[in-house]
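The listed protein sequences derive, respectively, from chains A and B.
Under this note's numbering, the residue at position 19 of the first sequence is numbered 1309, and the numbers go up by one with no gaps.
Under this note's numbering, the residue at position 115 of the second sequence is numbered 1405, and the numbers go up by one with no gaps.
These are calculated hints, taken from the structure and not from any lab test.
The reader is advised that the hints may include incorrect statements.
One copy or any two copies: either way a pair holds, since identical chains are not told apart in the list.
[To be verified] Think about it this way: if two alpha-carbon atoms lie no more than 27 Å apart in a straight line, the pair counts; the simulated DSS-like pairs of lysine-lysine are:
| no. | residue 1 | residue 2 |
| --- | --- | --- |
| 1 | Lys1367 | Lys1423 |
| 2 | Lys1353 | Lys1329 |
| 3 | Lys1295 | Lys1329 |
| 4 | Lys1367 | Lys1353 |
| 5 | Lys1295 | Lys1423 |
| 6 | Lys1312 | Lys1295 |
| 7 | Lys1353 | Lys1295 |
| 8 | Lys1423 | Lys1329 |
It should be emphasised that the depicted structure is a prediction, and the values quoted were computed from it without experimental measurement.
2 protein chains.
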Amino acid sequence: MFTYKYPRPALTVDCAIFCKIKSIYHILLIQRANPPFQKLWAFPGGFVDIDEDIDAAAYRELKEETGFEGLALCQFKTYGKPDRDPRGRTVSVVYYAILESENLPIVKGEDDALKADWIPLNHLPELAFDHQKILSDLLDYLQF
Amino acid sequence: MFTYKYPRPALTVDCAIFCKIKSIYHILLIQRANPPFQKLWAFPGGFVDIDEDIDAAAYRELKEETGFEGLALCQFKTYGKPDRDPRGRTVSVVYYAILESENLPIVKGEDDALKADWIPLNHLPELAFDHQKILSDLLDYLQF
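Sequences and hints are given; from them, build the entire structure.
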């Protein structure tokens, strides 16, 4: 157990990976294996280790949950509204990447993910946490 | 005291406020009252309260340490290298704002700041933490 004089938020990373196939954008989502929002779809992501750079955490979580790697991630924005995670205060640094491809790269849900899949932006399921808001902000920013 | 199953970083905000006077950019810095980096200059900023939105923390810390308020802050980037704070793992969300003015707004070092002052970018002192790196990144981004 770890004890501090003042309360501290948990720190996570989330990765929004877009793939454009014949003018249609897809996003890489995972189906959550665990509560909260169990079985809902979400960005691949998870908790930053205490001795791990936040960029490195993003690459690690993306690989662990989807098998996907080899793409440079850009930091987008940090989301920290106090009520965004029912487990308690959690602040998430969001990363993104965009690739264009002939085919959707093969991905596989592993670790905390039941499944991983590329979902066309016009067929989005309900998303966990504030990931719908994050995605909307990203789409505005990227002008997709 | 607050106890968690896994170690957690501390979360801070930092504010880089620029003021352009007759084509010369100045940055609002504070002289630190407390260790680490006591008496060195730094961005106004500080710890996010556990029930406080990170945006709100940025506005609060800026006002507490410099008296300055009334300007919309934009989120820039989050800095989280494990060794960036000698007190232990601390992740900082950096905000910025730019104003143009006839005169430098009056500011006053308060709370954790011995002094607050507008410093021309060509007369920068040594900065605390990784604030020199943050400032360099911001100047690249803003193309000043």
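Hints versus structure:
1. Lys1367 - Lys1423: both (12 Å within a copy, 18 Å between copies)
2. Lys1353 - Lys1329: within (20 Å within a copy, 43 Å between copies)
3. Lys1295 - Lys1329: For Lys1295 and Lys1329, the Cα distance is within 27 Å only across copies (24 Å; inside one copy 36 Å).
4. Lys1367 - Lys1353: Both, since 21 Å and 23 Å are each at most 27 Å.
5. Lys1295 - Lys1423: neither (33 Å within a copy, 29 Å between copies)
6. Lys1312 - Lys1295: Neither, since 54 Å and 46 Å both go past 27 Å.
7. Lys1353 - Lys1295: between (35 Å within a copy, 24 Å between copies)
8. Lys1423 - Lys1329: within (19 Å within a copy, 41 Å between copies)
Of the numbered hints given earlier, the model fails hints 5, 6; all others are met.
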